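J.: Please work from the sequences and hints to get the whole structure.
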Amino acid sequence: MDVALADISGSILQRYSEAADVRQRPEPFLRRCVEIIFDLMDLQGCRADQILGIGIGVPGPVDFARGVLVAPPLMPDWENFSIRGFVKESFPNAFVVVDNDVNIMALGEQRAGDGINVDHFIFVKIGTGIGAGIVSNGKIHRGSTGCAGDIGHICVDKNGPICRCGNTGCLEAMAAGPAIAEKAMQAAISGNSLLLKNLMEQNGGVLRPEDVNAACREGDQAALEIIRASGQMIGDVLAGLVNFFNPSHIFIGGGIANFGNHLLVSIRRAVLRRSLPLATTHLSINFSRMGADAGVTGAVALALEYLFVIEDQPTTTI
1 MDVALADISG SILQRYSEAA DVRQRPEPFL RRCVEIIFDL MDLQGCRADQ
51 ILGIGIGVPG PVDFARGVLV APPLMPDWEN FSIRGFVKES FPNAFVVVDN
101 DVNIMALGEQ RAGDGINVDH FIFVKIGTGI GAGIVSNGKI HRGSTGCAGD
151 IGHICVDKNG PICRCGNTGC LEAMAAGPAI AEKAMQAAIS GNSLLLKNLM
201 EQNGGVLRPE DVNAACREGD QAALEIIRAS GQMIGDVLAG LVNFFNPSHI
251 FIGGGIANFG NHLLVSIRRA VLRRSLPLAT THLSINFSRM GADAGVTGAV
301 ALALEYLFVI EDQPTTTI
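Numbering follows the working numbering, in which position 18 of the sequence shown is assigned residue number 18; successive positions increment by one, without gaps.
For the record, the hints were derived by calculation from the structure and aren't laboratory data.
On a predicted model such as this, the values are computed, not experimentally measured, just so you know.
Check the hints yourself; a few may be wrong.
As the list claims (entries may be wrong) - Taking lysine to aspartate or glutamate pairs in the EDC-like style, the calculated list, with each CA pair at most 16 Å apart, reads: (1) K158 / D236; (2) K88 / D49; (3) K197 / E182; (4) K197 / E218; (5) K88 / E27.
T.: Quick look at the structure:
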């Protein structure tokens with residue numbers, strides 16, 4: 001959970017981050033979020049009635065007009081919960097805007113990262129889930145109901161594992177962080193990697209995505225193949241987006257983005273192999289350099305957009 005307090009120019013004044021599990025029920029999670037906002041306000045010396053706008057990013061399909069999650073695979077208890085209404089109880093004077101977290105990261109990249117002055121780009125988040133924020137003609141493309149860019153639930157193997165969404169073989173179920181960890185545990189158990197087996201024993205019988213990355217950096221072949229396979233699957237899906245949207249840039253962020261060049265090269269190769277030559281002539285595919293700043297910067301930008309430009313709570317998708 002990343003929370004920041006900013007002034008009306010968008011400059012971040014206070015910031016706080018802590019580990020949080022969005023799979024818990026929304027009330028305790030949002031209550032903690034509100035507590036952090038009040039803590040930051042105390043540090044800055046401001047009052048609740050001085051908070052004019054709040055931007056919130058959540059992982060899942062967001063009905064942008066209503067500010068609610070609809071059938072979110074990662075967090076089913078949040079279904080149709082009024083995030084906006086809950087937060088406005090503590091900040092009645094504030095505009096509260098809720099969007100998909102990757103859209104907000106894309107907005108942050110556009111406002112303060114390498115996406116400045118780039119009219120057509122895709123921001124891809126790879127972590128527990130996989131999603132994309134699409135910028136077309138300089139604006140976030142949300143689609144008719146707000147779920148554009150949910151590439152994690154594109155099927156890459158109809159005979160693959162069951163995804164949280166209920167379908168089989170989704171990209172997220174095959175290539176995201178939990179899938180990487182699961183494949184590594186299978187490699188450890190089957191004897192394909194002594195290093196992964198040792199790490200698994202040290203961790204009490206489980207492996208995390210970062211363990212796979214560490215093993216890869218130590219030269220473990222099984223870990224390397226798992227990371228490359230994930231990159232290839234992600235690249236295959238992105239190739240379809242490149243053919244469809246013809247972006248000039250793809251920025252990759254999220255927790256798995258720190259896996260380095262093995263992941264990035266696999267993604268690039270798949271995109272170049274499966275996309276049309278004209279679509280990739282000037283295409284740049286790189287990790288975002290913003291890190292966690294993309295999310296908080298985008299949330300601030302979204303709040304300011306509704307505060308000073310649109311001047312109304314969302315009622316239709318844009």
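J.: Each hint should be assessed against the structure and marked as holding or not.
T.: Hints versus structure:
1. K158 / D236: Cα-Cα ~15 Å, so holds.
2. K88 / D49: holds, 11 Å
3. K197 / E182: Since the Cα atoms of K197 and E182 sit roughly 13 Å apart, the hinted pair holds (cutoff 16 Å).
4. K197 / E218: holds, 14 Å
5. K88 / E27: Answer holds: K88 to E27 is near 13 Å, not above 16 Å.
Violation of the numbered hints given earlier is absent; every hint is satisfied by the structure.
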